[in-house]
Every structure is written in C-alpha cells, then in structure tokens.
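Given next are the chains, with one letter for each unit.
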Amino acid sequence: MSTITIAWIALPFFVGFVAYLFPKLDRYLALGVALVSGAYASLLFAASPLTLELLDSFGVTLIADQLSGYFILTNALVTAAVILYCWHSGKSAFFYAQTIILHGSVNAAFICADFISLYVALEVIGIAAFLLIAYPRSDRSIWVGLRYLFVSNTAMLFYLVGAVLVYQVHHSFSFAGLRGAPTEALALIFLGLLTKGGIFVSGLWLPLTHSESETPVSAMLSGVVVKAGIYPLVRCALLLEEVDPIVRIFGVGTALLGVSYAVFEKDTKRLLAFSTVSQLGFILAAPGVGGFYALTHGLVKSALFLIAGVLPSRNFKELQHQPIATSIWIALVMASFSISGFPMLSGFGAKVLTTKNLLPWQTIAMNVAAVGTAIAFAKFIFLPHEKQESRENIRRGFWSAIVLLIGGLMVANVVYYEAYTLENIVKPLAIVGAGWLAYFAIFRRAALKLPRVLEEFEHLIGVMSLMLILLFWMVWTRSGI
Amino acid sequence: MLEACVLATILCGFFGIIFKKNLVMKIVSMDVMSTGVIAYYVLIASRNGLFAPIISDAENVTYADPVPQAVILTAIVIGFSIQALMLVGVMKLARDNPTLESNEIEKNNTP
Numbered sequence: 001m002s003t004i005t006i007a008w009i010a011l012p013f014f015v016g017f018v019a020y021l022f023p024k025l026d027r028y029l030a031l032g033v034a035l036v037s038g039a040y041a042s043l044l045f046a047a048s049p050l051t052l053e054l055l056d057s058f059g060v061t062l063i064a065d066q067l068s069g070y071f072i073l074t075n076a077l078v079t080a081a082v083i084l085y086c087w088h089s090g091k092s093a094f095f096y097a098q099t100i101i102l103h104g105s106v107n108a109a110f111i112c113a114d115f116i117s118l119y120v121a122l123e124v125i126g127i128a129a130f131l132l133i134a135y136p137r138s139d140r141s142i143w144v145g146l147r148y149l150f151v152s153n154t155a156m157l158f159y160l161v162g163a164v165l166v167y168q169v170h171h172s173f174s175f176a177g178l179r180g181a182p183t184e185a186l187a188l189i190f191l192g193l194l195t196k197g198g199i200f201v202s203g204l205w206l207p208l209t210h211s212e213s214e215t216p217v218s219a220m221l222s223g224v225v226v227k228a229g230i231y232p233l234v235r236c237a238l239l240l241e242e243v244d245p246i247v248r249i250f251g252v253g254t255a256l257l258g259v260s261y262a263v264f265e266k267d268t269k270r271l272l273a274f275s276t277v278s279q280l281g282f283i284l285a286a287p288g289v290g291g292f293y294a295l296t297h298g299l300v301k302s303a304l305f306l307i308a309g310v311l312p313s314r315n316f317k318e319l320q321h322q323p324i325a326t327s328i329w330i331a332l333v334m335a336s337f338s339i340s341g342f343p344m345l346s347g348f349g350a351k352v353l354t355t356k357n358l359l360p361w362q363t364i365a366m367n368v369a370a371v372g373t374a375i376a377f378a379k380f381i382f383l384p385h386e387k388q389e390s391r392e393n394i395r396r397g398f399w400s401a402i403v404l405l406i407g408g409l410m411v412a413n414v415v416y417y418e419a420y421t422l423e424n425i426v427k428p429l430a431i432v433g434a435g436w437l438a439y440f441a442i443f444r445r446a447a448l449k450l451p452r453v454l455e456e457f458e459h460l461i462g463v464m465s466l467m468l469i470l471l472f473w474m475v476w477t478r479s480g481i
Numbered sequence: 001m002l003e004a005c006v007l008a009t010i011l012c013g014f015f016g017i018i019f020k021k022n023l024v025m026k027i028v029s030m031d032v033m034s035t036g037v038i039a040y041y042v043l044i045a046s047r048n049g050l051f052a053p054i055i056s057d058a059e060n061v062t063y064a065d066p067v068p069q070a071v072i073l074t075a076i077v078i079g080f081s082i083q084a085l086m087l088v089g090v091m092k093l094a095r096d097n098p099t100l101e102s103n104e105i106e107k108n109n110t111p
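Protein chains in written order, with the numbering used here: chain A, 1 to 481; chain B, 1 to 111.
One chain only, chain A, in its complex shape (with noise of 0.2 Å):
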C-alpha cells in the first residue's frame, strides 16, 4: 500500500510533464490521471488507515484514511468533469498539463500530515493555479491570477515563521506537533490555512477570483482547490481537541458571512463564489464528518459553474427576461436542490449528517445559514425556461461532464442512506420553505448592493494582520494550548 501511495503521488507530476512532449496524448493522459486517482481514493475506503513517516521523524509525514479519501475523490470527479468539459474545446497542452500538476498538487495537500509538505503542496497549487487563471493571457486574468498569488504567498510567508516555531519545539514539522507549540505558532500557521482557504474575511480574495476565471477553472477552483486549505484545518481539528472549537468559530463565521453576500448578490457567478465561502463553513463546523460535505461540495459546486458557463447571461435581471433551454434549467435545478439540502441527492445526506453532529451553540447560526443558502440558490431555481431546439452553442463536452458531476452526487446517496427519516426529511424541507419564502417576500425586489471595498488588493493585506491578532487572541484566551 504505501508503494503504491508513493506512485500515485509522483505519478502526476510525471504524466505533467510528459504532456509536453506527447501534445496530441495531453486529454487522455489528464483524464487517465483522474481515473487512477478515483481508483486510489476507492482503494483508500476499503483498506485500513496508513500512516507513512520517510525519513526519521523530521522528515515527510503522510496520513491516508477515509477523511483523504473522500477529498482525494472529490478531487477526481472534479478534475475528471473539468477535462471531459474541454475535451472539444481546442485548449493546448499547456492547459491539461497545467490542470495535471494542480491535480498532482491538491493530492499531495490532501494526503500530508506535515507543515513542510504542505507548504510546498499548498505553493505549487498557488503557482498553477495562477497560470491557469492567467491563461486567456488578457489583462484582467493577469491581474486577477497577481492578486491571488500575491496574496496567497504574502499568507503562505507567515505560514512558513510558524512552522519553524513548531519545528523549534519538537524537532518536527508533523501536525501532531501543535500540541504544546507557543500559540504565535498555531496563529500565524491558521492564518495561512485560513486565507489560502478562503475562510471569513481572510477569504474574501475568492469571490473575484473565482468569478472572473474562465467557467472550467472557476470550477476547478472552487470545487476542490480551496479545499486543499481546509483539509489541513481539518486534520488539525481532529488530531487536537484544543484546535477544534477555534475550527468550529471560524466554520460558523464564514458560513454566515458568505451567505449574507450571496443573498444581495445579482451575478450568478459571484453568487457561487460567494456561497463557496459559506458552504466551506459547513465543513469545517463539523469536523468529524467533513469529507463528506466536502465531496458533495465539491461536485455540486463545480457543476454549477459549468452551468453558469452556458447560461446567456451572468446577471439575474437579464436572465429573468431571457427565457433558458428547459435541459439545462432541469440540470440547475438539481445541482441547487442538492446545495440546499434538498432530499434525493446527496447534498441531503451531507447536510443531516453535518447537523447531527453540531455542538448545541452551533446549531441556530448553522440554520440560519442553511436558510440563507436556500435563499440565494433560489434565484436559479426560479429562472424562467423554455423549451429550446437549436442547442448549437452548448459545448459537446457540457452534458458529459454534468452526467458525471450529478451522476456522482446520487450514488453518493450510499454513504449514509440512513439519513432518509421521516424526522430527517421533514426539516430540510422546512428550511428550504423557509428560504423560498423569504425570496418572494424580500429578496426577489431587493435592491441592496453591498460594499466591495474589502476585496480590494491592499485591504485583502492589511486584514491579515487583523486577522492575525483576532486568532492570537483566540488561542490566547483558550490557552490550554
């Protein structure tokens, strides 16, 4: 088992750069390197937990269990349905071997159980993120992708001084090593996770970046990249009890925050990014079953920006005037029933599953949310639509990649069955009726436009430094640590 975790891990890097060289190979060898990662992931649910420690105890660490498997699947299907998306697209090989080397990347942070590791994953994932955010070469992509390295870098920078300050008092960088580690460590490590997730208002660089990307690498993005900053918050969370309230605080605040974006939002784009900083609260308010959210996320997420790539327009006013072809609005409609929880996917199962293991002051706020996300994910469901014939300009490749996206959502229905409860059922219906109804009542004329100035470049700095004096205080006053 651990040669073969070994050989999946390089094997992407590898195959990268071989697309190089075999430009005409660049779709098969990408989309075979999702396949074999779908199969390690597959491989991880049926086989015990591994733990690999390379060179002595200051070395590499790497944890493979259940909770890697289902963000090593997500990561699969996602990038899978991405390249089946392009397949007819007349992209170079520079893209698929760009898309390889992210896929390579996310792997590697969702396996590592040390800062070092995860520091190069997490780096390497920046700078490959950028080239494909920046590859329409236009102006605007450029500056988006500087933003997003910059800022990511600027986080990974403080990152890096704490991981040394672990290092100093254990003589090892593994993850473990937080426990007893001086709480300027644990701060400014958090702080690196935190933005490089795009969790509270560390994250607000997401919403931009992830709006203006082109639709694959929108999907890319947010269905599992920003997760390869949240799977180390996790794994953290369930390794030191200390850690997980601090995890559960900033769950609840970005799923609140993002939320209350995503409900004034009026571009359907935005709109997603937005409730990608909420949903990413949903994972991290529950640790323990955080995988599995994350997988239903991940691949109800990245088919809704496919989606939104072929609706006419990205503003909601003109879509509501503007008929959409009734396939596509169905396919909408079940990717936004699974976000808010609605029962038949497994967006349901994720959702009950997440609650149930709320702590008691989570759980209002956590409603409070999920109504929020009904509310937002309304506007889609509500489009009009019309039957269409002439579906010229939908690309080949959209329909393969949604069948895989929803495909995967239903069958992953399996993984807690037991969810389906009359008692279960019944209040997700209810949230969602709630939600619904606060659409018709308020948010369907409401003509709010919030503030952008805190996703400007300099504020999206200045509040690291904010940020990090809110999480030394945290860990201070819970100074168990």
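Since the hints were derived computationally from the structure, they do not count as laboratory data.
Hints may be right or wrong, so weigh each one.
[Claimed, not checked] Now the in silico label distances, taken between C-beta atoms and shown as ranges:
no., chain 1, residue 1, chain 2, residue 2, range
1, B, Glu-101, A, Glu-318, 30 to 36 Å
2, B, Ala-84, A, Ala-10, 23 to 29 Å
3, B, Ser-56, A, Val-18, 38 to 44 Å
4, A, Pro-49, B, Pro-98, 54 to 60 Å
5, B, Lys-107, A, Pro-312, 27 to 33 Å
[Unchecked claim] Restricting the straight-line Cα-Cα distance to at most 30 Å, the calculated cross-link-like pairs of lysine-lysine (DSBU-like) are:
no., chain 1, residue 1, chain 2, residue 2
6, B, Lys-92, A, Lys-91
7, B, Lys-107, A, Lys-266
8, A, Lys-449, A, Lys-317
9, A, Lys-317, B, Lys-107
Glycine included, every Cβ here is placed at the ideal spot set by N, Cα and C.
Here the structure of chain A is known, so what remains is to put chain B in place on it, guided by the hints.
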C-alpha cells in the same frame, strides 16, 4: 537582538506590501519579507551551534541544525520562482498600464 532584527525585517516587508503604490515595489517588499523569513530559519538552525554539519576529524564541535536549512532551501527556490512568475505578469501588465500603480490597475480590471 538578532531575532528582533529579523522580525523587524519581516514586518518592514509586510508594511511595504501595503503602503507601496507601485506593483514592482510591492513585489520587492514581498521579497524583503521572505528574506526575513529565511533569516529566521537560519537563526533557529544556529541556536545550538554554528558549524556546518559535515563529518570531519574535529571533535566536539557544536553543529548547526541541518533540518531548517534544508527546508528553507526549498522555500527559497519556491519563493524566487513565484517572484519570477509575478514579474513576468507585471511585464505584461506594464504595456497597458505604464505607471504600474496598483490602484489604477485594479480600477481598470475589476468589473
């Protein structure tokens, strides 16, 4: 004392990123910040000794810890490749925004 200087370097770099208007200067500030971080790693590595950890005939010398040095070498490589990448991006942006003021670029390129 040395630690205070190193931390001051990191902070100088950080404030440079915020207060400098020119995009190239921002990138240089980020470089200053990462230099500070590298120096911090070297400082921590040399807490127990200054000698390079190489097997030799000398006896009882106090070795510097090789692990942080090895680790920071990776970080240096990553850091400068990211900076190179950013500078290429800035070169492309400079064609349409010759002054490279970040506020202007941001205003032109945000919807």
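Results of checking the hints against the structure:
no.	hint	in the structure
1	B:Glu-101 with A:Glu-318: 30 to 36 Å	34 Å, holds
2	B:Ala-84 with A:Ala-10: 23 to 29 Å	25 Å, holds
3	B:Ser-56 with A:Val-18: 38 to 44 Å	43 Å, holds
4	A:Pro-49 with B:Pro-98: 54 to 60 Å	56 Å, holds
5	B:Lys-107 with A:Pro-312: 27 to 33 Å	28 Å, holds
6	B:Lys-92 with A:Lys-91	21 Å, holds
7	B:Lys-107 with A:Lys-266	20 Å, holds
8	A:Lys-449 with A:Lys-317	14 Å, holds
9	A:Lys-317 with B:Lys-107	24 Å, holds
Figure legend: structure checked against the earlier numbered hints; every hint is met.
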